[in-house]
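Following the hints, put chain E with the ligand in place on chain Y, whose structure we already have.
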Amino acid sequence: METLEQIKCRIEAAIPGVGLDIQCNRVVPGQASLVVPPARALEVARFLRDDSRLALDYCSNVSGVDWLDRVVEEHVRVTRLVDGQERVFEECRERRVPGHLEAVYHLYSMRLKHGPVILRQRTVNRVDQARLASLTPVWRSAEFQEREAYDLFGIVFEGHPDLRRILMWDEFRDSPMRKDYVEPDDYEYEPTPHDDLREKARRHYPIEADA
Amino acid sequence: MDEGLRSELSRQGVFATTIQDLYNWGCRNSLWPLNFGLACCAIEMIAASMARFDIARFGAEVFRPSPRQADLMIVAGTVTKKMAPQVVRLYNQMPEPKYVIAMGACAISGGPFKRGYNVLKGIDRYVPVDVHIPGCPPRPEALLHALITLQEKIASRKLTGPSRARAFQEEAPGEFPVPEYGPYDLVPAKNTDLWRPKPITRNE
Ligand code: SF4
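One line per chain: the protein sequences are Y and E, in this order.
As numbered in my numbering, the first sequence has no gaps in its residue numbers, which increase by one up to the final residue, 211.
As numbered in my numbering, the second sequence has no gaps in its residue numbers, which increase by one up to the final residue, 415.
The following block holds chain Y by itself, in its conformation from the complex (with noise of 0.2 Å):
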């Protein structure tokens, strides 16, 4: 199979002004991944679905991925005058990444036996921007699982057939595999609680040692 970068040229050919960007793994080399802007990832699947050489027709997995807000240091070189000589300092600098949801798809060719190639799609925000392009059209395996990604993360699919939640009940209006999800408090005994739990059984039972 071609390497990521080739499939990048050739969706970047075929498809002008698509904006992809690859995402290294930091933990798995060989795993880089393929960012799609949502506005035009059912554009790119179809590429990579029909394209000959690609032949992607199978998409074996859907995942959710939550990004909190985060901040990350940045080592940055900066020049200063000091007693009127130019000297490079290294600064530590904090930059604030906005949080996001992702959706992971994992594809693979049945008919040429390659793959995978993973492919990203990012929302906006994790609040009202949440939306992303469905790609049930492209592969139908991908209904269920953009399903309970919905469900779990609160992804919205555009474009799917059937956004419903699939393993919590209807009325349920929460996400419970956000980061951020606060539990309902259904606190019951625990035989050796631990950090948070050991605050939740504080609140639940009296500790004699606390009285």
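Any given hint might turn out to be false.
To be verified - No more than 16 Å apart at the CA atoms, straight line, and that leaves these computed lysine to aspartate or glutamate pairs for EDC-like: (1) E:Lys293 <-> Y:Asp174; (2) Y:Lys113 <-> Y:Glu2; (3) E:Lys293 <-> Y:Asp170; (4) E:Lys325 <-> Y:Glu188; (5) E:Lys401 <-> Y:Asp186.
As the list claims (entries may be wrong) - Cβ pair distances, simulated, as ranges: (6) Y:Glu188 <-> E:Gly270: 33 to 39 Å; (7) E:Val389 <-> Y:Glu188: 43 to 49 Å; (8) E:Lys409 <-> Y:Val65: 40 to 46 Å; (9) Y:Tyr205 <-> E:Ser277: 39 to 45 Å; (10) E:Lys409 <-> Y:His194: 20 to 26 Å; (11) Y:Glu188 <-> E:Thr228: 51 to 57 Å; (12) E:Gly346 <-> Y:Ser60: 32 to 38 Å; (13) Y:Arg203 <-> E:Ala262: 50 to 56 Å.
Claimed, not checked - Selected chain Y positions facing chain E (in silico; Cβ < 8 Å): (14) Tyr58; (15) Asp174; (16) Pro176.
Everything labelled a hint here was simulated from the structure, so no lab data went into it.
Here a beta-carbon is modelled for each residue, glycine too, at the ideal position from N, C-alpha and C.
Chain E with the ligand alone, transformed into the frame defined by chain Y:
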């Protein structure tokens, strides 16, 4: 009738019993379980009903597909919050006298999924449970033991008098409120008339 007279009569070839004993004897040896399973524990329940463990030896092999014909509910497996209302509804549809065995860590407490957002932490929050079986999963022998324990319980139940079994008390509830799906959890999260855990004080 006292025991001495009864054994004296039986030596003379006269069998004497009471309606209560006869009724309980028939009842405990023909418990018909409701045919449903919720998770992996159900596989052990199925194994218990097959030739090797043979639940038929204890008269409980007639698994009924309808709650109207069943008098024993074996809650075998994880009760998710989405499934809990249906389980309570099935219980309500069973005729009296009815019994519940909660089989496995999940059914009695939530088990390995206890800290999850979607699993009920014990079916005894909504229906009265007669026998709890720990284990993940309990072996078929454990289910048979639970069945025998239940049979002993039925053998000693009273049909009349103030200490009679729940099924024979007119004012005792035979149906329990079915919880509804709320925006974050089941509403109510537990039946407080039924589920009253002892307050626990922790020593640290
Ligand atoms: S107790 Fe264990 S075996 Fe039984 S349903 Fe729960 S997880 Fe499965």
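Hints, one by one, checked against the model:
no., hint, in the structure
1, E:Lys293 <-> Y:Asp174, "holds, 15 Å"
2, Y:Lys113 <-> Y:Glu2, "holds, 13 Å"
3, E:Lys293 <-> Y:Asp170, "holds, 10 Å"
4, E:Lys325 <-> Y:Glu188, "holds, 9 Å"
5, E:Lys401 <-> Y:Asp186, "holds, 9 Å"
6, Y:Glu188 <-> E:Gly270: 33 to 39 Å, "holds, 35 Å"
7, E:Val389 <-> Y:Glu188: 43 to 49 Å, "violated, 22 Å"
8, E:Lys409 <-> Y:Val65: 40 to 46 Å, "holds, 43 Å"
9, Y:Tyr205 <-> E:Ser277: 39 to 45 Å, "holds, 42 Å"
10, E:Lys409 <-> Y:His194: 20 to 26 Å, "holds, 23 Å"
11, Y:Glu188 <-> E:Thr228: 51 to 57 Å, "violated, 45 Å"
12, E:Gly346 <-> Y:Ser60: 32 to 38 Å, "holds, 35 Å"
13, Y:Arg203 <-> E:Ala262: 50 to 56 Å, "holds, 51 Å"
14, Tyr58, "violated, 30 Å"
15, Asp174, "holds, 6 Å"
16, Pro176, "holds, 5 Å"
Consistency note: the structure conflicts with the earlier hints numbered 7, 11, 14.
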